[in-house]
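Residue numbers (this note's numbering), protein chains in the order written: chain A, 721 to 888; chain Z, 279 to 479.
Since the hints were derived computationally from the structure, they do not count as laboratory data.
Please note that a few of the clues may not be correct.
As the list claims (entries may be wrong) - Here are the in silico distance ranges between beta carbons for each label pair:
| # | chain 1 | residue 1 | chain 2 | residue 2 | range |
| --- | --- | --- | --- | --- | --- |
| 1 | A | P823 | Z | S327 | 53 to 61 angstroms |
| 2 | A | P823 | Z | R474 | 36 to 44 angstroms |
| 3 | Z | R335 | A | A784 | 55 to 63 angstroms |
| 4 | Z | D378 | A | S791 | 43 to 51 angstroms |
| 5 | A | K783 | Z | R475 | 34 to 42 angstroms |
| 6 | Z | I459 | A | K783 | 44 to 52 angstroms |
| 7 | A | P793 | Z | S399 | 19 to 27 angstroms |
| 8 | A | G832 | Z | S415 | 40 to 48 angstroms |
Since the model is a prediction, treat every value here as computed from it, not as a measurement.
Don't be surprised by glycine CBs; every beta carbon is placed ideally from N, CA and C.
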Amino acid sequence: MSHYYKVAMTLSLASIAVLSSLAASAHDFSAGDIRIGHPWSRVAPAAAPVMGAYLTLTNAGQKADTLIGGSTPLAERIEIHQMSTEGGVARMRPLPDGLEIAPGSSVALAPGGIHLMFIKPARPFAEGNLIEATLEFARAGSVRVEFVVQRNAEDKSDTAADHGGHTP
Amino acid sequence: MNRVRLFRICVWGAVVLLAGFLLVSTMLPEPQAPAEASTGTVRVGGPFSLTSHQGERIDNQSLAGRPYLVFFGFTHCPEICPTTLFELTDLMSELGADADKFEVLFVTVDPERDTQELLASYMTSFDSRITALRGSSEETETALKAFSAYAKKVPLEDGQYTMDHTTGVYLIKGDGSFSGILDMHEPRETRLQKLRRLAGS
Numbered sequence: 721m722s723h724y725y726k727v728a729m730t731l732s733l734a735s736i737a738v739l740s741s742l743a744a745s746a747h748d749f750s751a752g753d754i755r756i757g758h759p760w761s762r763v764a765p766a767a768a769p770v771m772g773a774y775l776t777l778t779n780a781g782q783k784a785d786t787l788i789g790g791s792t793p794l795a796e797r798i799e800i801h802q803m804s805t806e807g808g809v810a811r812m813r814p815l816p817d818g819l820e821i822a823p824g825s826s827v828a829l830a831p832g833g834i835h836l837m838f839i840k841p842a843r844p845f846a847e848g849n850l851i852e853a854t855l856e857f858a859r860a861g862s863v864r865v866e867f868v869v870q871r872n873a874e875d876k877s878d879t880a881a882d883h884g885g886h887t888p
Numbered sequence: 279m280n281r282v283r284l285f286r287i288c289v290w291g292a293v294v295l296l297a298g299f300l301l302v303s304t305m306l307p308e309p310q311a312p313a314e315a316s317t318g319t320v321r322v323g324g325p326f327s328l329t330s331h332q333g334e335r336i337d338n339q340s341l342a343g344r345p346y347l348v349f350f351g352f353t354h355c356p357e358i359c360p361t362t363l364f365e366l367t368d369l370m371s372e373l374g375a376d377a378d379k380f381e382v383l384f385v386t387v388d389p390e391r392d393t394q395e396l397l398a399s400y401m402t403s404f405d406s407r408i409t410a411l412r413g414s415s416e417e418t419e420t421a422l423k424a425f426s427a428y429a430k431k432v433p434l435e436d437g438q439y440t441m442d443h444t445t446g447v448y449l450i451k452g453d454g455s456f457s458g459i460l461d462m463h464e465p466r467e468t469r470l471q472k473l474r475r476l477a478g479s
């Protein structure tokens with residue numbers, strides 16, 4: 721019984737790993753059981769005091785992990801926010817306890833929902849620029865990643881082709 | 279003889295039908311117009327006065343006779359505000375000279391942090407026909423009321439704050455009446471049609 725359980729677990733974890741690597745084939749990072757798919761940041765207007773940033777987190781482990789925060793030498797700080805729109809009104813709130821990733825699951829930080837926010841970027845970033853950052857997880861620890869600056873979420877394939885060599 | 283009779287019956291029949299229709303239509307209550315249209319000149323597009331990122335005074339009087347778009351936002355907004363302004367830029371470039379026929383106004387709901395200088399830099403990223411507007415907190419409040427829009431300062435733990443705000447883009451016709459909302463989630467073709475219609479108003 722436990723043997724079958726192990727086989728099933730291994731297969732499901734393998735499929736998660738394959739799927740997540742397909743979703744962000746050319747640009748992802750990992751630390752321990754956590755895989756960070758395609759970190760990207762949206763091109764911001766000139767002098768914008770903030771930039772939104774997005775990625776997909778997959779936990780291939782058997783224990784929950786939490787994204788606590790992050791830092792970058794290229795901005796004052798990084799915050800984790802939840803955005804929602806109700807009745808035509810947009811609201812943005814920080815997630816002070818971080819973002820939990822349950823074992824065997826994926827969480828997408830994407831426009832319109834949960835996102836990272838770079839506060840006071842050190843300089844303007846153009847399309848195609850890379851922003852180095854370190855993300856902190858409760859279990860997996862620190863992970864160095866690079867956010868690709870792109871105009872739209874849909875630019876994924878273009879940017880992946882442009883930055884094909886960046887997989888660590 | 280039979281034909282004449284038939285003709286008379288038809289004419290009288292038509293008269294009765296028409297009279298009946300007129301009677302019923304005048305007795306029925308006026309059909310309720312959609313909320314957007316009925317509130318047009320009353321609730322949306324009232325008096326306001328703000329200063330542009332180039333230092334010009336702009337109010338509902340100076341806009342009289344010209345259609346315009348109004349959007350409320352702030353520069354510490356990572357997503358909806360820049361995306362809306364980039365999308366408007368894109369739609370305006372597609373419309374070309376048609377976009378000269380209306381004004382596009384971006385009103386900051388955060389005049390405390392959005393100085394005229396910051397707005398002037400910020401606006402260089404968008405179509406040069408888009409104007410950023412700011413005012414004192416009272417002037418901002420009046421502008422929000424003029425469009426029945428909502429904005430609220432929300433303090434955060436670290437002494438910072440964020441703003442809750444209405445995200446729709448208000449469309450105001452040349453006669454000052456409210457034409458509807460431009461929703462950035464609508465199909466691009468629908469948004470272009472709305473703007474073309476507004477340009478002709």
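We went through each hint and held it up to the structure:
1. Between P823 (chain A) and S327 (chain Z) the Cβ separation comes to about 57 angstroms, which falls inside the hinted range of 53 to 61 angstroms.
2. Checked against the hint of 36 to 44 angstroms, the C-beta distance between P823 (chain A) and R474 (chain Z) comes to roughly 52 angstroms, which is inconsistent with it.
3. The hinted window of 55 to 63 angstroms between R335 (chain Z) and A784 (chain A) holds, with their beta carbons roughly 56 angstroms apart.
4. Checked against the given bound of 43 to 51 angstroms, the beta carbons of D378 (chain Z) and S791 (chain A), roughly 46 angstroms apart, stay inside it.
5. Between K783 (chain A) and R475 (chain Z) the beta carbons are some 57 angstroms apart, a value that contradicts the proposed interval 34 to 42 angstroms.
6. The supplied range of 44 to 52 angstroms is met by I459 (chain Z) and K783 (chain A), whose beta-carbon atoms lie about 46 angstroms from each other.
7. The hinted range of 19 to 27 angstroms is satisfied by P793 (chain A) and S399 (chain Z), whose Cβ atoms lie roughly 23 angstroms apart.
8. Separation of G832 (chain A) from S415 (chain Z) is about 29 angstroms and departs from the stated range, judged on CB atoms against 40 to 48 angstroms.
Of the hints listed earlier, those the structure fails to meet are numbers 2, 5, 8, in rising order.
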